[in-house]
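Using the sequences and the accompanying hints, generate a full structural model.
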Amino acid sequence: MAEWFMGLMSELPIFSKPIPPICLHCDSMSTITKIRSTKYNQKTRRHIQVRLKTIRKFVSQGVFAVDFVGSKDNTADPLTKGLDLNQVIKSRLGMGLKPNNYSTTVATQPI
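Per full-length UniProt numbering, residue 1 is the first one in the sequence shown, and the count goes up by one each step.
All clues given are correct.
Heads up, simulated SDA-like pairs for lysine to any residue below, C-alpha to C-alpha not over 20 angstroms straight-line:
| id | residue 1 | residue 2 |
| --- | --- | --- |
| 1 | LYS57 | LEU24 |
| 2 | LYS81 | MET29 |
| 3 | LYS81 | SER71 |
| 4 | LYS34 | SER71 |
| 5 | LYS53 | SER37 |
| 6 | LYS34 | ARG45 |
| 7 | LYS43 | THR54 |
| 8 | LYS34 | GLN61 |
| 9 | LYS72 | LYS90 |
| 10 | LYS39 | SER60 |
| 11 | LYS39 | MET29 |
| 12 | LYS90 | HIS25 |
| 13 | LYS57 | THR31 |
| 14 | LYS39 | GLN61 |
| 15 | LYS34 | ASP67 |
| 16 | LYS90 | GLY70 |
| 17 | LYS39 | LYS57 |
Hints listed in this document are in silico derivations from the structure and should not be mistaken for laboratory results. This one's a predicted model, so the numbers in the text were calculated from it and none came from an experiment.
Okay, structure coming up:
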């Protein structure tokens, strides 16, 4: 999918050449270390090895770039874990989402 997207971007005249890599923001330093490492770990499950090999290939080809983003700055956190109301609101604003009146009213009422 990423190769197809990069190919599409290179064919469109609105993008300058060369096309910059797609930036993957990750809040797990251990995952970033595994992506950047060339060591082979036999303890890793096969399906994870396949995914890791694919991501390493794309990073080495310049299709992806992996950057660390702390959990406090990660706007996708509410999509992966439960957060308190203030963090959800901050994340919602960071994603550019607007509240609908019903959920705002319900979310601010005490239980």
